[in-house]
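Undergrad: One letter stands for each residue in the lines below.
Number of protein chains: 2
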Amino acid sequence: MVRFMDKDSRSDVPLGRRSPMATTRVMVADRNVITRVGIRSILERNSGMAVVAEATTYEAVIDGVDEHGPDVLIIDLDLGDDTTRGLKLCEEIADRYPGTKILVLANTLSEMIVVEALRRGANGYMCKDEVKADELGKGVKAVQDGDTVLGRGVGSLVARGLGSTRGVHEHLTDRELDVIRAVAKGLSNKQIAHEIYVSESTVKFHLQNASKKLNAHRRAEIVHRASAAGLL
Amino acid sequence: MVRFMDKDSRSDVPLGRRSPMATTRVMVADRNVITRVGIRSILERNSGMAVVAEATTYEAVIDGVDEHGPDVLIIDLDLGDDTTRGLKLCEEIADRYPGTKILVLANTLSEMIVVEALRRGANGYMCKDEVKADELGKGVKAVQDGDTVLGRGVGSLVARGLGSTRGVHEHLTDRELDVIRAVAKGLSNKQIAHEIYVSESTVKFHLQNASKKLNAHRRAEIVHRASAAGLL
DNA sequence: TAAACACCTAGCCAAATGGCTAGGTGGGCG
DNA sequence: CGCCCACCTAGCCATTTGGCTAGGTGTTTA
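Here the protein sequences come in this chain order: A and B. Residue 66 in the working numbering sits at position 86 of the first sequence, and the numbers go up by one each step. Residue 11 in the working numbering sits at position 31 of the second sequence, and the numbers go up by one each step.
Fair warning: there could be bad hints in the mix.
Treat identical chains as interchangeable: a pair holds within one or across any two.
BS3-like, lysine-lysine: derived pairs with alpha carbons at most 25 Å apart [unchecked claim]:
1) Lys165 to Lys184
2) Lys192 to Lys118
3) Lys112 to Lys165
4) Lys192 to Lys68
5) Lys193 to Lys68
6) Lys193 to Lys165
7) Lys184 to Lys118
8) Lys112 to Lys192
9) Lys184 to Lys68
10) Lys170 to Lys118
11) Lys170 to Lys184
Think of the hints as simulated: they come from the structure by calculation, not from any bench.
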């Protein structure tokens, strides 16, 4: 079952279905102290859950999950300078620790990232700026129950995306990202070619492919979209 | 006095200097519930301060300050779709309510925004992702005391910036921002000209000026910088 | 093994861009 | 009153770009 949390769909979330004594054990991964404290407060006070571990780096997430085996991992994919690594982390956790459900709590809302995260094993995706206090606890409970949760705004975004393009799961390759990052620095194709030791043609090739994947037609737009997706 | 919070300079913050009974009254403006709860927890539990009001929109900030007259306003400049409005808000608060000190707590760290905020009356600038739990309370106390506080990373950034370019306070005009936002959408100069009802020459003119101010040489770089500064 | 994929290269051409000079207007401020 | 500033326009020209077609390699995977 997939739960959308747009509008007033909150009423359909069945509360008290689970054994009331089984405290949900949560782990929080976010580089931001304020956010960690906030999540802890909300979860422990209002939902009777226990935050058993925290992490601020990609490495610490693995260690924490391994050591504490939480029921749910709330994670911000951006734990360093590379969101892509957060996605890989999702995959690894989902793979090695199937008992731990993953709820992504992101700063930015990008269709591409959402789809990628879900594809790689995340059980839910919510946006920090959109989520209401009570929704957080409900979201955690839902993913623990095995549901897929899409927070406010996320659901409609994905639905819209799925309708428009067939694949959508088209993610940028490493090389394409290299080129995009260079473009963001204001380099010309020639300069980029020189920087990454390939011909100018190759740079253009990667850029063309990236354009199609991001549905952009100008390098400025590519940079904008990549930036909005937290990719650079 | 300006306090930098890089490295281990925390030891030089004089604690207990103020009357121990005068509880600091704080107002928090941030669209993100988690952040609001987090700040409240940190401040009330560890520093004995009181969060007397919260706000999630630009309008509500003014109302809250007017009604509660907090000692310190902790604000995220990005309360909507336009960070520029947050800057104007700073100016207005500093102007009309000099009794309320302003501590900006930003998501992103951009030299331009920092300088602009301070120029318009903010008393401190900290970055959410960099700040440590204890620094938040100390920062609030410091701005209340009339000091200017620059959080970890912010101080060095500004110092570096001040040394490099003479002016730096060069901020983008409204029109330049219009054009940059259009560029980010992937429009050509011709399309932009049509969209904002000016000639193509004018679009190029604004872009050239923006290039100089942002020290960029290609539109992709302009978009990147503006994006990093939270301007689009 | 064949397909799929990331990656690399070449050339073509119209269109867009960057970098400049050289003008114009109206509003605000010392 | 000048002066600065945001804003608007024009033209020039070398360079860059977008979009295309048409190849090539090596690795992974069904």
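Undergrad: At most 25 Å between alpha carbons: which applies to Lys193 and Lys165, within, between, both or neither?
TA: both (21 Å within a copy, 16 Å between copies)
Undergrad: At 25 Å max between alpha carbons, let me know whether Lys184 reaches Lys68 within a copy, between copies, both or neither.
TA: Neither way: Lys184 and Lys68 sit 27 Å apart in one copy and 42 Å across, limit 25 Å.
Undergrad: At most 25 Å between C-alpha atoms: does Lys192 with Lys118 qualify within a copy, between copies, both, or neither?
TA: neither (38 Å within a copy, 49 Å between copies)
Undergrad: Is it within, between, both, or neither for Lys170 and Lys184, if the alpha carbons may be no more than 25 Å apart?
TA: Both: 9 Å inside a copy, 23 Å across copies.
Undergrad: From the Cα coordinates, with 25 Å as the cut-off, is the pair Lys192 and Lys68 best called within, between, both, or neither?
TA: Classified as within; 23 Å inside a copy, 39 Å across copies.
Undergrad: Given identical chains, is Lys170 near Lys118, meaning Cα to Cα at most 25 Å, within a copy, between copies, both, or neither?
TA: Classified as neither; 52 Å inside a copy, 49 Å across copies.
Undergrad: Measure nothing new, just compare the shortest in-copy and cross-copy C-alpha distances for Lys193 and Lys68 to 25 Å and report within, between, both or neither.
TA: For Lys193 and Lys68, the Cα distance is within 25 Å only inside one copy (20 Å; across copies 38 Å).
Undergrad: Measure nothing new, just compare the shortest in-copy and cross-copy C-alpha distances for Lys165 and Lys184 to 25 Å and report within, between, both or neither.
TA: both (16 Å within a copy, 20 Å between copies)
Undergrad: Cα distance capped at 25 Å. Does Lys112 pair with Lys165 within a copy, between copies, both, or neither?
TA: Classified as neither: same-chain Cα gap 37 Å, cross-chain 30 Å, threshold 25 Å.
Undergrad: Since the copies are identical, ignore which copy is meant and state whether Lys184 and Lys118 lie within 25 Å (CA to CA) inside a copy, between copies, both or neither.
TA: neither (47 Å within a copy, 51 Å between copies)
Undergrad: Checking Lys112 and Lys192: alpha-carbon separation at most 25 Å within a copy, between copies, both or neither?
TA: Neither, since 35 Å and 42 Å both go past 25 Å.
The structure fails hints 2, 3, 7, 8, 9, 10 (numbered hints given earlier, in ascending order).
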